[in-house]
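Order-wise, the sequence lines are chains A and B. With numbering that gives the first Met the number 0, letter number 22 in the first sequence gets 21, and the count goes up by one each step, no holes. With numbering that gives the first Met the number 0, letter number 34 in the second sequence gets 33, and the count goes up by one each step, no holes.
Mixed in with the good hints there might be a few duds.
As the list claims (entries may be wrong) - Cβ-Cβ distance ranges computed for the label pairs, FRET-style:
| # | chain 1 | residue 1 | chain 2 | residue 2 | range |
| --- | --- | --- | --- | --- | --- |
| 1 | A | 95 | B | 59 | 31 to 37 Å |
| 2 | A | 32 | B | 71 | 21 to 27 Å |
| 3 | B | 35 | A | 30 | 18 to 24 Å |
| 4 | B | 26 | A | 32 | 37 to 43 Å |
| 5 | B | 58 | A | 54 | 24 to 30 Å |
| 6 | A | 97 | B | 51 | 32 to 38 Å |
| 7 | B | 34 | A | 43 | 17 to 23 Å |
| 8 | B | 22 | A | 85 | 26 to 32 Å |
| 9 | A | 83 | B | 34 | 24 to 30 Å |
| 10 | A | 83 | B | 39 | 18 to 24 Å |
Said to hold, decoys possible - In silico contact screen, one side only, chain B against chain A (beta carbon under 10 Å); selected entries:
| # | residue |
| --- | --- |
| 11 | 11 |
| 12 | 13 |
| 13 | 31 |
| 14 | 39 |
| 15 | 41 |
| 16 | 43 |
| 17 | 46 |
| 18 | 69 |
| 19 | 79 |
| 20 | 87 |
| 21 | 92 |
| 22 | 96 |
| 23 | 97 |
| 24 | 108 |
| 25 | 114 |
What the hints contain is simulated information worked out from the structure, not anything from laboratory work. Each residue gets a CB set at the ideal place from its N, CA and C atoms; glycine is no exception.
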Amino acid sequence: MDEDPSAEETTFVVDEITTVIKEAVESTIGNSSYQHSQINQWMSSIVESSLSQLTKLGKPFKYIVTCIILQKNGAGLHTASSCFWDNSTDGSCTIRWENKTIYCIVSVFGLAI
Amino acid sequence: MEEYHSGDEVSFSPDDASNVVKECIEGIVGGVDYSQNKVNQWTASIVEHTLTQLVKQGKPFKYIVNCAVMQKSGAGLHTANSCYWDTTTDGSCTVRWENRTMYCVVSVFAVAIAL
Chain A
0 MDEDPSAEET TFVVDEITTV IKEAVESTIG NSSYQHSQIN QWMSSIVESS LSQLTKLGKP
60 FKYIVTCIIL QKNGAGLHTA SSCFWDNSTD GSCTIRWENK TIYCIVSVFG LAI
Chain B
0 MEEYHSGDEV SFSPDDASNV VKECIEGIVG GVDYSQNKVN QWTASIVEHT LTQLVKQGKP
60 FKYIVNCAVM QKSGAGLHTA NSCYWDTTTD GSCTVRWENR TMYCVVSVFA VAIAL
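So here's chain A without its partners, still in its complex pose (with noise of 0.2 Å):
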């Protein structure tokens, strides 16, 4: 019999991830500068086609998507995640993207159900 191919599926592929998230962003913010009165939808933008996308994938986990946008104003920011789960099949991506005006960090964990 041959080997399942479904093992592949049931564990979180970092790379896949990040191109569905990159391709969010950009299509959302890629050419704008910070604007106080768009970010709402900015976000939900964001966070929404991202899971869309992820839950196309069709694979058997729940997803959650973090979205933080920043103004560049010299401020620090610092963010940290810490995460109780199963090592083998849980996972989580971080992608930074910036431009001119704008720093936008987008998290994904994904947890095997």
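Got chain A sorted already, so can you dock chain B onto it with the hints?
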């Protein structure tokens, strides 16, 4: 042989988690000013302590704790979360804390383990 209480649905309690988080933050950055060389230690301590306290509760959950510390300097900061999970058992809570020189935002996500 005693049966494990698998019939009980355990759901996440945001209030409990919120109290745990607030105590951890107060204990670590309660009376201090923003300091660039200490902030890495602070964020690491906050997430580790919070996670340890949550795990001690012994509930059948996987946890993710996220902490952001930002200097108060007039910059705009926005955060958003979106989650794809089982809404009957999983949940999250976010605690916003500030003092004179910094903001601290801690989010806890709890995902039930199927037993």
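Against the structure, the hints come out as follows:
1. A hinted range of 31 to 37 Å for the beta carbons of residue 95(A) and residue 59(B) is consistent with their spacing of about 33 Å.
2. Taken as a hint, the range 21 to 27 Å holds for the pair residue 32(A) and residue 71(B), whose Cβ atoms sit roughly 23 Å apart.
3. A hinted range of 18 to 24 Å for the beta carbons of residue 35(B) and residue 30(A) is inconsistent with their spacing of about 32 Å.
4. Distance hint check: the CB atoms of residue 26(B) and residue 32(A) are about 40 Å apart, consistent with the given range 37 to 43 Å.
5. As the Cβ distance of residue 58(B) to residue 54(A) is approximately 26 Å, the hint placing it in 24 to 30 Å holds.
6. At roughly 33 Å, the beta-carbon separation of residue 97(A) and residue 51(B) lies within the given 32 to 38 Å, and the hint holds.
7. For residue 34(B) and residue 43(A), the Cβ-Cβ distance of about 34 Å falls outside the hinted range of 17 to 23 Å, so the restraint is violated.
8. At about 28 Å, the CB distance of residue 22(B) to residue 85(A) agrees with the hint of 26 to 32 Å.
9. The beta-carbon spacing between residue 83(A) and residue 34(B), approximately 29 Å, falls within the hinted interval of 24 to 30 Å.
10. The hinted range of 18 to 24 Å is satisfied by residue 83(A) and residue 39(B), whose Cβ atoms lie roughly 21 Å apart.
11. Contact between residue 11(B) and chain A, as hinted, is not supported at the beta carbon level, the nearest pair being about 13 Å apart and thus beyond 10 Å.
12. Violation of the interface hint for residue 13(B) is found here, the shortest Cβ-Cβ separation to chain A being roughly 15 Å, above the 10 Å cut-off.
13. Here the hint on residue 31(B) is broken, as its CB sits about 14 Å from the closest CB of chain A, past 10 Å.
14. Using the Cβ-Cβ criterion of 10 Å, the hint placing residue 39(B) at the interface with chain A is satisfied: the shortest such distance is roughly 6 Å.
15. With a least beta-carbon distance of about 8 Å to chain A, the hint placing residue 41(B) at the interface is held under the 10 Å criterion.
16. Using the Cβ-Cβ criterion of 10 Å, the hint placing residue 43(B) at the interface with chain A is satisfied: the shortest such distance is roughly 5 Å.
17. Annotation: interface hint on residue 46(B) holds; nearest CB of chain A at approximately 4 Å, less than 10 Å.
18. With a cut of 10 Å, the hint placing residue 69(B) at the interface with chain A holds, because the nearest CB-to-CB distance is about 5 Å.
19. For residue 79(B), the shortest C-beta to C-beta distance to chain A is roughly 4 Å, which falls under 10 Å, so the interface hint holds.
20. Because the smallest distance between the Cβ of residue 87(B) and any Cβ of chain A comes to about 13 Å, over 10 Å, the interface hint for this residue is violated.
21. Against a cut-off of 10 Å between C-beta atoms, the interface hint on residue 92(B) is violated, since the closest Cβ of chain A lies about 13 Å away.
22. For residue 96(B), the interface hint is violated, since its Cβ never comes within 10 Å of a Cβ in chain A; the closest pair sits about 14 Å apart.
23. About 13 Å separates the beta-carbon of residue 97(B) from the nearest beta-carbon of chain A, more than 10 Å, and the hint is not met.
24. Taking 10 Å as the C-beta contact cut-off toward chain A, the hint placing residue 108(B) at the interface holds, the least distance being around 5 Å.
25. Checking residue 114(B) against chain A: minimum C-beta separation of about 13 Å lies over 10 Å; hint violated.
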